[in-house]
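J.: In order, the protein sequence lines correspond to chains P and Z. Residues are numbered in the numbering used here as their position in the first sequence, beginning at 1, plus a constant of 26. Residues are numbered in the numbering used here as their position in the second sequence, beginning at 1, plus a constant of 26.
The reader is advised that the hints may include incorrect statements.
What the hints assert, rightly or not - Quick list of in silico lysine to aspartate or glutamate cross-link-like pairs, DMTMM-like style, CA-CA up to 25 angstroms: (1) Z:Lys-134 <-> P:Glu-137; (2) Z:Lys-300 <-> P:Glu-137; (3) P:Lys-300 <-> Z:Asp-146; (4) Z:Lys-73 <-> Z:Asp-247; (5) Z:Lys-134 <-> Z:Glu-117; (6) P:Lys-134 <-> Z:Glu-137; (7) P:Lys-62 <-> P:Asp-223; (8) P:Lys-134 <-> P:Asp-107; (9) Z:Lys-134 <-> P:Asp-286; (10) P:Lys-300 <-> Z:Glu-294; (11) Z:Lys-62 <-> Z:Glu-203; (12) P:Lys-134 <-> Z:Asp-146.
Just so you know, these hints were derived from the structure itself, not from any lab. Small disclaimer: the values here were computed from a predicted structure and weren't measured.
There are 2 protein chains.
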Amino acid sequence: MSLSLNQWTTRRWTLAEAVDGCARHGLEAIGLWREKVAEHGLAAGAKLVREAGLRVSSLCRGGFLTAGALSAGEGRAALDDNRRAVDEAAELGAACLVMVVGGLPGVKPGEPLPDAFSRDVAGARERVAEALGVLAPYAGERGVRLALEPLHPIYCPDRAVLSTLGQALDLALAHPEEQVGVVVDTFHVWWDPALYDQIARAGSRIASYQVCDYLHPLPADVLLGRGMMGDGVIGFPPITRAVAAAGYTGDVEVEIFNADLWAADPDEVVATMKARYDSVVMA
Amino acid sequence: MSLSLNQWTTRRWTLAEAVDGCARHGLEAIGLWREKVAEHGLAAGAKLVREAGLRVSSLCRGGFLTAGALSAGEGRAALDDNRRAVDEAAELGAACLVMVVGGLPGVKPGEPLPDAFSRDVAGARERVAEALGVLAPYAGERGVRLALEPLHPIYCPDRAVLSTLGQALDLALAHPEEQVGVVVDTFHVWWDPALYDQIARAGSRIASYQVCDYLHPLPADVLLGRGMMGDGVIGFPPITRAVAAAGYTGDVEVEIFNADLWAADPDEVVATMKARYDSVVMA
């Protein structure tokens with residue numbers, strides 16, 4: 027396994043600055059975000075990363091497929107956007123396209139959900155499965171692997187009705203292995219009593235291993251509860267060992283959403299990340 | 027099934043006021059908290075509730091068994107306190123003693139966990155199983171049923187390493203049914219992709235069905251993210267039907283921790299609770 031910088035960890039950096047930072051710190055891989063790539067331009071960004079000799083450990087992200095029927099309106103627009111994300115992942119040579127599948131339809135902060143359709147988490151999950159039936163072969167034709175990311179249940183209302191690794195695997199196994207894999211992100215899965223069984227079950231379906239810590243308490247904006255490894259509650263070594271034992275030999279991406287780290291000097295953040303990777307994640 | 031007021035929903039009320047409120051609103055059952063009972067006095071409280079003709083749908087709570095070895099110090103003190111909770115549940119004639127098993131040992135708000143022992147969630151879970159081996163027969167001898175409550179994974183750091191209904195059942199099934207059951211609390215389990223399978227598997231192990239809604243976003247103090255049914259994101263009817271189909275015929279307890287509701291007139295809260303029970307939970 028080898029350390030990769032997910033570029034959202036150093037969010038202030040442009041794509042060019044992040045590529046330069048990886049080179050300066052001796053990193054061999056980078057996790058890209060579509061927004062950052064688009065700012066630079068897709069073709070130029072792909073060329074930049076390629077010429078720097080960096081592997082693209084993932085592209086973030088596709089998904090948000092739960093709003094409604096896939097045949098029209100928001101649902102159809104979401105499918106179209108995911109096809110574009112697949113195309114971008116292909117051009118960038120990304121190891122996978124991370125899929126954050128979407129939450130309950132119609133959820134709005136501070137408001138009760140309006141109807142039974144919105145409250146139907148099982149129905150939202152069915153739409154994800156249906157969308158994968160369209161997107162998996164599309165990705166396969168372009169040599170792109172979709173990576174289904176189970177998110178911590180706290181994000182079930184608004185970001186992902188995919189909540190456990192086991193559930194992600196159930197979805198992935200309906201498709202060829204080279205088309206659909208899963209993400210193991212420590213923040214999202216550390217609490218899961220089935221974690222080790224499901225990592226073993228996942229085996230070569232593990233498309234990405236992402237690490238960051240889980241802060242306690244979470245900040246008011248729970249999206250920013252991701253911390254530098256060692257700053258929270260997660261015991262990394264047994265998870266890392268299990269992922270390795272499952273056969274994963276890919277990059278280990280550090281993806282941290284954290285207001286303090288975003289405000290800090292990105293070079294210092296990367297230096298700390300490298301040190302903590304050795305002392306905390308791989309210990 | 028019949029509606030029960032968990033007295034923490036009307037937290038401003040003393041035990042006597044809550045008993046009086048139940049009578050005034052035509053409720054047949056109440057969920058009690060040890061603190062509130064202690065304020066009134068255990069024997070007098072038991073008499074008060076009995077003479078009011080109320081069933082005690084649960085006593086909250088035992089648990090917090092993960093701090094360390096059970097043979098000494100905090101661990102032994104926790105076992106002793108749980109035995110006292112069992113004794114109280116017996117005297118009150120409670121249908122069950124709710125068990126919130128405890129989180130990671132040594133967790134402190136805003137501080138990284140200090141060592142591998144603290145970060146060992148699997149180890150904390152083993153201590154819960156070990157403690158149940160002591161407490162289940164103790165409860166059985168006194169006619170008390172322990173009700174293992176899986177809590178939403180957001181509470182895994184500080185309140186309960188018991189995170190899914192399936193995990194609670196795995197623990198419960200090691201003991202006689204009359205000694206150990208499980209709680210199905212909508213707030214904690216609504217997101218679980220295995221929910222319906224596990225409710226069916228639970229069958230007569232369901233010791234308590236608790237309802238409240240899940241607010242989105244959660245407030246900064248996530249403990250207070252419980253809302254009146256209909257104010258959040260949960261679709262209650264399929265969960266209620268599944269619990270009924272599993273054979274549960276006990277009381278349905280409404281347990282809400284919510285700063286706005288605690289500030290409101292308790293009589294209005296109970297009136298709203300009754301209306302929402304009919305229109306939202308049993309719809």
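J.: Against this structure, judge whether each hint is valid.
T.: Each hint, compared with the structure:
With a CA separation close to 32 angstroms, the supplied pair Lys-134 of chain Z and Glu-137 of chain P exceeds the 25 angstroms bound. Taken as a hint, the Lys-300 of chain Z and Glu-137 of chain P pair is honoured in the structure, with Cα atoms around 21 angstroms apart against an allowance of 25 angstroms. With a CA separation close to 23 angstroms, the supplied pair Lys-300 of chain P and Asp-146 of chain Z stays within the 25 angstroms bound. This hinted pair does not check out: Lys-73 of chain Z and Asp-247 of chain Z have alpha carbons roughly 36 angstroms apart, beyond 25 angstroms.
Only pairs whose Cα atoms come within 25 angstroms are accepted, and Lys-134 of chain Z paired with Glu-117 of chain Z is rejected, the gap being roughly 35 angstroms. About 32 angstroms separates the Cα atoms of Lys-134 of chain P and Glu-137 of chain Z, which puts this hinted pair outside 25 angstroms; it is violated. Under the criterion of a C-alpha separation no larger than 25 angstroms, the hint pairing Lys-62 of chain P with Asp-223 of chain P is inconsistent with the structure, at around 36 angstroms. For a cut-off of 25 angstroms, the pair hint linking Lys-134 of chain P to Asp-107 of chain P stands: about 22 angstroms separates their Cα positions.
Straight-line distance between C-alpha atoms of Lys-134 of chain Z and Asp-286 of chain P comes to about 20 angstroms, which keeps the hinted pair within the 25 angstroms bound. The hinted pair formed by Lys-300 of chain P and Glu-294 of chain Z fails the criterion: a straight-line CA distance of about 56 angstroms is larger than 25 angstroms. This hinted pair does not check out: Lys-62 of chain Z and Glu-203 of chain Z have alpha carbons roughly 28 angstroms apart, beyond 25 angstroms. Pair hint Lys-134 of chain P plus Asp-146 of chain Z does not hold up; C-alpha atoms about 36 angstroms apart against a cutoff of 25 angstroms.
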